[in-house]
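Heads up, the sequence shown is in this note's numbering, so the first residue is 10 and it goes up one at a time.
It should be emphasised that the hints constitute simulated quantities derived from the structure, not laboratory data.
Heads up, a few of these hints could be off.
[Unchecked claim] Pairs of lysine-lysine residues, derived as PhoX-like cross-links and limited to a Cα-Cα distance of at most 25 Å, are as follows:
1) Lys92 to Lys113
2) Lys128 to Lys113
3) Lys128 to Lys92
[Claimed, not checked] Derived DEER-like restraints, expressed as beta-carbon distance ranges:
4) Leu102 to Asp72: 18 to 24 Å
5) Asp103 to Asp58: 24 to 30 Å
6) Lys113 to His64: 27 to 33 Å
7) Pro82 to Gly116: 28 to 34 Å
8) Gly71 to Ser115: 27 to 33 Å
9) Glu117 to Ser80: 19 to 25 Å
10) Ile59 to Gly124: 28 to 34 Å
No experiment lies behind these values; they were computed from the predicted model shown.
Glycine included, each C-beta is placed from N, C-alpha and C at the ideal position.
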Amino acid sequence: MNEAEGCEALERYVSRHVCRIAGIQEARAWRTGSRQMGDSSLTRLDTLDIDAVVHRLQQHPGDIVFEQRVSIPEAEVLCCRYKGERFNVKFDLDYGVFVDRVGKLSGEDVAEIVGWLVKEAGR
């Protein structure tokens, strides 16, 4: 196993661990997040404040449903749903802020989530 494969396996393990903490059964995490988004999305996501995001999610319910906030040693994680499918917004100390699919969300769904987060941050 090379270093990249090892990192990918570790990320999947951590995502499943977070899902178990959050009570999500049979979770399968797929890495999508900011590293696969354009540079402008990455920069804008990294400017997000976790407390402000939680407040906006609670004050402006809509397609994105905030379920809970989980702390793990390397990140703060917001467990959410979009169109009934689970996803996490991770505020990682090493990698910054990114959206991590847990359910069966499409790339377009993830882009819509990122767009909402960034749009709301600009208000």
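Hints, one by one, checked against the model:
1. Lys92 to Lys113: holds, 10 Å
2. Lys128 to Lys113: holds, 23 Å
3. Lys128 to Lys92: At roughly 19 Å apart (the allowed maximum being 25 Å), Lys92 and Lys128 satisfy the hint.
4. Leu102 to Asp72: 18 to 24 Å: violated, 29 Å
5. Asp103 to Asp58: 24 to 30 Å: violated, 18 Å
6. Lys113 to His64: 27 to 33 Å: holds, 28 Å
7. Pro82 to Gly116: 28 to 34 Å: holds, 29 Å
8. Gly71 to Ser115: 27 to 33 Å: violated, 18 Å
9. Glu117 to Ser80: 19 to 25 Å: violated, 30 Å
10. Ile59 to Gly124: 28 to 34 Å: Between Ile59 and Gly124, where Cβ atoms are some 19 Å apart, the hint is violated.
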